[in-house]
Structures are given as C-alpha cells and as structure tokens.
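Spelled out from the first residue to the last, the chains are:
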Amino acid sequence: MAGEPMTEPLLAIHSLKTHFRTDDGMVRAVDGVDLTIERGEALGVVGESGCGKSVTALTVLKLIQMPPGRIVDGQILWQGRDLVSLDMGEMRKIRSKEIGIIFQEPMTSLNPVYTVGEQIAEVVRQHEPLTRREAMDKAVEMLRLVHIPTPERRVHDYPHQFSGGMRQRVMIAMALSCNPQLLIADEPTTALDVTIQAQILDLLEEMKERFGMAIMLITHDMGVIAESVQRVVVMYAGRVVEEASVDQLFDRPLHPYTQGLIRSIPRIDLAAEKKSRLEAIAGVVPSLLDPPAGCRFAERCAFATPECTNAMPELREIEPGHRVACIQY
Amino acid sequence: MPQPLLQVKDLVKNFGLKGGILGRTVSEVHAVDEVSFYLNVGETLGLVGESGSGKSTTGRCVLRLIEPTAGEIWFEGKNVTELSGKELAALRRDMQIIFQDPYASLNPRMTVGAIIGEALVIHNLAKNRRELHDRVVELLETVGLGADHMRRYPHEFSGGQRQRIGIARALAVSPKLIVCDEPVSALDVSIQAQVINLLEDLQEQFDLTYLFIAHDLSVVEHISTRVAVMYLGRIVEIASARDLYARPLHPYTEALLSAVPIPAPRAKRERIRLQGEVPNPIHPPTGCHFHTRCPIRQLPLCSTEKPELRKTAEGHSVACHLRG
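Protein chains in written order, with this note's numbering: chain A, 16 to 344; chain B, 14 to 337.
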C-alpha cells in the first residue's frame, strides 16, 4: 500500500472479543485483546492453557467454528484492512497467501490420504497460476528449503512416513510456499523432543531471515520465548496482562502474574547454585464462563487489594514499549 | 555402606512386533537394553531421555507392570523378577506409581473417596468403615485437598487437583518407593510448580524414595539427587544432578542440555545442535547407539564396539569411548 505511512503495523488487533456459546453459558475465551505485529518482527504470545492465545490466532484467520464461536467485538486490521467484516471467499485469498499458520500436531493438519507434495502443490495452485508440474517442482523446492533430505523422493511420501519433526518441517514448507508476510506458529514445538524442538526453532529463525516475514509464536514455554522472539505479549484468562521487549520482560517483569510465571519455572542454568523451593502461583485459572469482575488475576495475586476487583485494569505504558494491566503501577 | 533400596541389574525388555498372515513375531523393539542402576532410601533418581529412550518402560519393569525380558530387580533384598502371588501383592504395597495423565489414570465412574480407598480395602489396611473414611480424609488433606472432595468424581477436578488425587492414591498404602512417570508434563507451569513442591514435601514427611521419569531436564534437575540419561534403551551417563548439569561428559548429555531453552534472553550459551533424529529402536545402530548423531565420534571404534558404563569420578559414570 503505497499511500500508507511507514509506521502502520502489519497486524493490529484492537479490543478483540471471541466468545463461544456452550450449554453452560457463554465462554469468554478472548475478552478484549490488543496486540500489534510489525513487519518482519517475531512476536511471542505466552500464557497457560485457556488463556486465549490460540483462539486469538485462529480468530485472525477466521478459523473459528461459527457458531458456537462469535467475534463479539473488536477489529483485526491486516495492513490497514479490517478482516472481521471479510467474507469467507476473501479470507481464503488471505490465508496461506498473506498469512500462513502451523499447528502443534502436524499429523492432524495434514491429510493422510494425499502425498505431502500433492498437499503443498494444492496450496500453491490456489494462489498462483501454475501447472500441476510446476506446482510439484515448487513443492520439491520448498521441502529442500526446510532441509528435508532427498526432497525429490520425499515429495511422493505420505504424512505417516515422516517423523514428528519432519512433519513439522513439511507444515512449515507448506505454510511458506506462497511467501506470506506473517507466519502464525501455534505451539509448533510442544509435541517434539527437546533436540528436535531446537532444530525447528532454528529453522523458523532461518526462514524468517530468508523471507523477511513476521512471526507470531504462540507458546506456553518461557524458555522458547526468551530464545526466539524480540517482543512478548503475556495473556491471562482471555486478556493481555503485559507487553514488553523480551529483555524488558525478563529483566523487569511488572505484572504479578508474569513475575509468578517466571519464578515458578525450575532453572537448569542456575543448577550450580543452591536449590531453592519453586515459587508456585497459588490457586487455579478462573472459569471464563463467569470471569470475576475487575482484574482476573486478583484472586491468585499476592498484592491484590479490594480495589483490584472493582474495575478491569487497562494496559498502560510504564516505560517505552513496556505496557502492563495492573493498578499498582 | 547401607544396602540400596532398589538395585536394577542388566534389565532388558524387548517387545515383539507381530506381522505376516500368521501373526508371528517378526521383529523386536529393544526398548530397554541392559540397564543397571541403584536407588538409596530417601533419594530421587531422575531418569531423562527423549521419546523412545526406554525410560517409562524401565519404570514399569521395576514395578513389574511390564514383565522384563531379562535382568534382575532387587528391592530390599528380594529379587522382584522371581516373586509371584502373595509376595508380589505384598511388594506392590511398597512400590507405587504416579502417571502422567491424571485424566486417563482415574476411573471416571468412581468417587475420589472410592479411588483412594480402594487400595486400603484390597490390602486390608482399614478395620472398619470409620477407619477407612478417616484415612481417606487424612490422605486428601496430606495432598492439599479436603474431606468435601471425597464424594466428587474425577471430572469435577482440574488437572493439578487430579494429579493430587493420583498422589493420594499412591500414598494410601504407605509405600517406600514411588515411580513418578512424567507426573507434571501435562500441567501448566504454575500448577507444575505446586505439584513439584508437594512431591518434595511428601518425600521429606514420609521418607519416600522416588524414581522420577521425565523428558523435561529442568524439572528433573530441580527434583533429583542423581540423574541417569537414557538414549535408545541404554543409560549413557549417570551422575549427581549438580555434577551432570555442571560437567556433562557424554556428548548426548551435552547436546540435550544445550537444547533446553532457558528463560533468560541475555544468557549466551554454546549451542550444540544434533543432526537428524533418534534412530528406529527396532534396528538400533551398532556399537554406540549414539554414533550416528554424535559430533565427536571416531569411526570405526564407535560404530563397532558398545561402550560400557564406566566410573570416572565418585558417583559419575559415562558410557563413551572418547570421554571420561
């Protein structure tokens, strides 16, 4: 977009709310999320089960089953264009072509009855006017790019013939085949062994450099965050509670939840020092069926005051690039 | 020196793979390949390794939930592999297990009270209903739950609470050894810390001995006295937790440690990246199982001769031709 100012973010999500109707009532999975991703940036989204990190990502691509899901409120500005109002046909042009996605368990996102080559070629042909033959060549090239050995042979293999790590490489090849500007990676290494996880994270970094794309890395693992991204958004119970550069977040975590999260992890790098007891966060995540009024972390927070339950704290900037949703600041 | 509580000698477990129209055993998975270790009273031995390393199979063989193919398992002077009937039942009072998935390991049709009380009934550990009830309440309180949870069903609990129920069930028969098979892997980090702290408290309170099986090296380092690293069915290194993490000797241990992401963005570490993946345990590589991925291998030595686990320092052993 030539006329746009350079400062416009690639993706800007404003007060997004995605709710799900269930037999028990409305689940407020994503309940007022704000986040932005700049061009070429790696943004981490971290949080525990049920914090809404995956639903946020799926909402961006409109991959939410509707109903029971519904985008209740908010904007998803993709290069200035609101995706919320787009119909399915227009969304299909954006998926893969402009925004790619990979998931935790590649086996469930690959079709078991087609070869991986056919599946990559299908994605390519949806967006580019190529012949079947040319699309297959492109598939081989993509498999080579993600370092799958003997790609000209492996392109004819079925998903079950690949190991977990190799399957994730296939998914990455497929997601990048149309050269998207943003790759959403939803827990891409959670199902993998630690040595394979390291390989996949290296590959994502290499691909990011090569294609100059932005990455939205969703994970529950603070270690993965620290090693893989520049900026972090911490989510809790459907809301963003803190946003910072990765250095700011680990040097000066502001939100009591972020502080608790960092302290509750056993630290292998500090193994030589005296072992201390882990600082667990008491209690459990609140139900999103009927979330508490005010700050959603208040009932588990050591610093909570009666004031905390009055109103939902908004994100406020405390230092450049560092925002937190907590009334003690 | 006191006798160890548990001593495992040359434990082997092969699983037959059936195939062909006659369903005969056509090949074997060498899940555990001559594993030996000991465990002293009150200590925690961590067993780490990636998928297919044989760590869970080892844990289950110790309890004889899986029948070992060969080897000896000595528990308090008795060879577990030779016990049967009454003796085996008695042994199961002394050894318990906690599973990874608290969703799958609790019977959804039983109340929490019945789940925890079951073992007490089986082993005749309560004289009457009153005593049974009191003991179950006591166990629930020990793991941080309460008497009001007794009449509820597993689905009414969160993941962390279900793991507490699993721990209470294991504690019911006052065991000496608990095999913890990935007990916190399915839990969120904030809940994981609660359960790890609970396990540490219980160990101190009841003088428990743990065989702690996990793939998460940070968790294992935190909770263990000593750690054994497994690769394709074999122990490649065993040392005190502090020693292993500070001075790893086996190239696999080194690579494994350097692959763990650390929540400290400024930490500069040497990265050792292993090429390829764990080979198929049906046809493990000859010689040292790790030689196909090893950055320092020397052929043909490493591909032909199996390295034995050798002691290099007090309490530190490694199975590598080139190190130690």
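One should not assume that every hint holds.
[As the list claims (entries may be wrong)] If you want the ones that stay clear, here's a sample from chain A, every Cβ over 12 Å from chain B, calculated:
1. T51
2. D152
3. H162
4. D266
5. G275
6. P321
7. E332
[Unchecked claim] So the derived label-pair ranges between C-beta atoms look like this:
8. T22/A x R286/B: 19 to 27 Å
9. G289/B x E167/A: 17 to 25 Å
10. L304/A x S97/B: 48 to 56 Å
11. H146/B x M103/A: 53 to 61 Å
12. P83/A x D161/B: 31 to 39 Å
13. R260/B x S291/A: 45 to 53 Å
14. G32/B x L78/A: 39 to 47 Å
15. D161/B x D39/A: 20 to 28 Å
16. Q311/B x F226/A: 34 to 42 Å
Hint data in this document are derived by calculation from the structure and do not stem from the laboratory.
Note that the Cβ used here is the ideal one computed from N, Cα and C, for glycine as well.
Each hint, compared with the structure:
No beta-carbon of chain B is positioned within 12 Å of the beta-carbon of T51/A; the least distance is around 20 Å. D152/A, annotated as away from the interface, keeps every beta carbon of chain B farther than 12 Å; the closest lies near 26 Å. For H162/A, the condition that its CB be more than 12 Å from all CB atoms of chain B is violated, with the nearest at approximately 10 Å. Listed as outside the interface, D266/A is inconsistent with that label: its C-beta sits roughly 8 Å from the nearest C-beta of chain B, within the 12 Å cut-off.
Under the 12 Å C-beta cut-off, the non-interface status given to G275/A relative to chain B is violated; the minimum distance is some 6 Å. With 12 Å as the threshold on Cβ separation, the claim that P321/A sits away from chain B holds: the shortest Cβ distance comes to roughly 24 Å. Separation of E332/A from chain B is adequate, the least Cβ-Cβ distance of about 21 Å exceeding the 12 Å criterion. Restraint check, T22/A to R286/B: a C-beta distance of roughly 37 Å breaks the suggested window 19 to 27 Å.
Range check, G289/B to E167/A: about 19 Å between beta-carbon atoms, so the 17 to 25 Å window is met. Between L304/A and S97/B, the C-beta spacing of about 52 Å keeps the proposed range 48 to 56 Å intact. For the hinted restraint 53 to 61 Å between H146/B and M103/A, the CB-CB distance of approximately 58 Å keeps it satisfied. The hinted window of 31 to 39 Å between P83/A and D161/B holds, with their beta carbons roughly 33 Å apart.
Our hint of 45 to 53 Å for R260/B and S291/A is violated, since their Cβ atoms are close to 22 Å apart. In this structure the hint that G32/B and L78/A lie 39 to 47 Å apart at CB holds, the actual value being about 40 Å. A C-beta distance of roughly 22 Å is found between D161/B and D39/A, which places it inside the suggested range of 20 to 28 Å. Evaluation of the 34 to 42 Å hint for Q311/B and F226/A yields a pass: the beta carbon distance comes to about 39 Å.
Against the hints set out earlier in the document, violations occur for numbers 3, 4, 5, 8, 13.
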